[in-house]
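S.K.: Sequences and hints are given; from them, build the entire structure.
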Amino acid sequence: DIQMTQSPSTLSASVGDRVTITCRASQSISSWLAWYQQKPGKAPKLLIYDASSLGGGVPSRFSGSGSGTEFTLTISSLQPDDFATYYCQQYNSYSRTFGQGTKVEIK
Amino acid sequence: QVQLQESGPGLVKPSETLSLTCTVSGGSISSYYWSCIRQPPGKGLEWIGYIYYSGSTNYNPSLKSRVTMSVDTSKNQFSLKLSSVTAADTAVYYCAAAARSLAPLEYWGQGTLVTVSS
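Just so you know, the protein sequences line up as chains U and R, in that order. FYI, the working numbering numbers position 97 of the first sequence as 126, with every residue one higher than the one before it. FYI, the working numbering numbers position 30 of the second sequence as 50, with every residue one higher than the one before it.
Source of the hints: derived by calculation from the structure; they are not laboratory data. Source: prediction; values computed, not measured. Don't take every hint at face value.
Each computed PhoX-like pair below joins lysine-lysine, with the alpha-carbon atoms no more than 25 angstroms apart [claimed, not checked]: (1) Lys-136/U / Lys-63/R; (2) Lys-63/R / Lys-71/U; (3) Lys-63/R / Lys-74/U; (4) Lys-33/R / Lys-63/R; (5) Lys-63/R / Lys-132/U; (6) Lys-68/U / Lys-136/U; (7) Lys-101/R / Lys-71/U; (8) Lys-132/U / Lys-68/U; (9) Lys-63/R / Lys-68/U.
M.R.: Right under this line is the structure:
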């Protein structure tokens, strides 16, 4: 089973900051990785797919990179609407796995 | 735009079977891979399994012995059954759709809370 490890678990940042979240896979998943944003009481929303492709309607301040086992999600300039929890998810194998999540808090 | 709506019992007794139905609108059930995901209160997301309209399934190995998913193409619905539930199965249960087997979860339902308690 492929394990996904995100870091950090919590991140405190200010509006305008550049923010980076890392996701590591326990084995190579090529580029079969997605990033989701979840706000309290809401379903997750797809931000990035295939490691670096922007989801529909997602602002360009969000970007993803990486392949193999190391991936990053970057928010170039944090906006008030971006305070949320972010999850990575692999879809390389028949079994899907999420990372444990990274909560982005207001500093 | 595909829309999903979960319907479930709200409350299930320990040792019983949890049943969840997901109704699909705005798209054909034969066009996507349909997943169930859960999220215990205050915790992260856990993928439960997926089903294709043909009936082909894949389940999370940690839940495989207790999970059954099925699809009803005539009603544009798919279903989850989770047997022998305990308090650890208390969670918000989501339905979601992926366009292919190697694709992210593009569409999500709003989720429904299922509590396991006597």
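S.K.: If a hint holds in the structure, say so; if it doesn't, say that too.
M.R.: Hint check results:
Our distance criterion of 25 angstroms between C-alpha atoms is met by Lys-136/U and Lys-63/R, whose separation comes to about 22 angstroms. Distance restraint check for Lys-63/R and Lys-71/U: the Cα-Cα separation of roughly 14 angstroms lies within the 25 angstroms cut-off, and the hinted pair is therefore satisfied. Between Lys-63/R and Lys-74/U, the direct Cα distance comes to roughly 17 angstroms. Compliance with the 25 angstroms bound is thereby established for this hinted pair. Restraint check: the Cα-Cα separation between Lys-33/R and Lys-63/R comes to about 22 angstroms, which is no more than 25 angstroms; the hinted pair holds.
Between Lys-63/R and Lys-132/U the alpha-carbon distance is near 11 angstroms, which keeps this suggested pair within the 25 angstroms criterion. The straight-line distance between the Cα atoms of Lys-68/U and Lys-136/U is roughly 17 angstroms, inside the 25 angstroms bound, and the hint therefore holds. For the suggested pair Lys-101/R and Lys-71/U, the alpha carbons sit about 23 angstroms apart, so the restraint of at most 25 angstroms is met. The suggested pairing of Lys-132/U with Lys-68/U holds, with an alpha-carbon distance near 10 angstroms, which does not exceed 25 angstroms.
Distance restraint check for Lys-63/R and Lys-68/U: the Cα-Cα separation of roughly 13 angstroms lies within the 25 angstroms cut-off, and the hinted pair is therefore satisfied.
Violation of the numbered hints given earlier is absent; every hint is satisfied by the structure.
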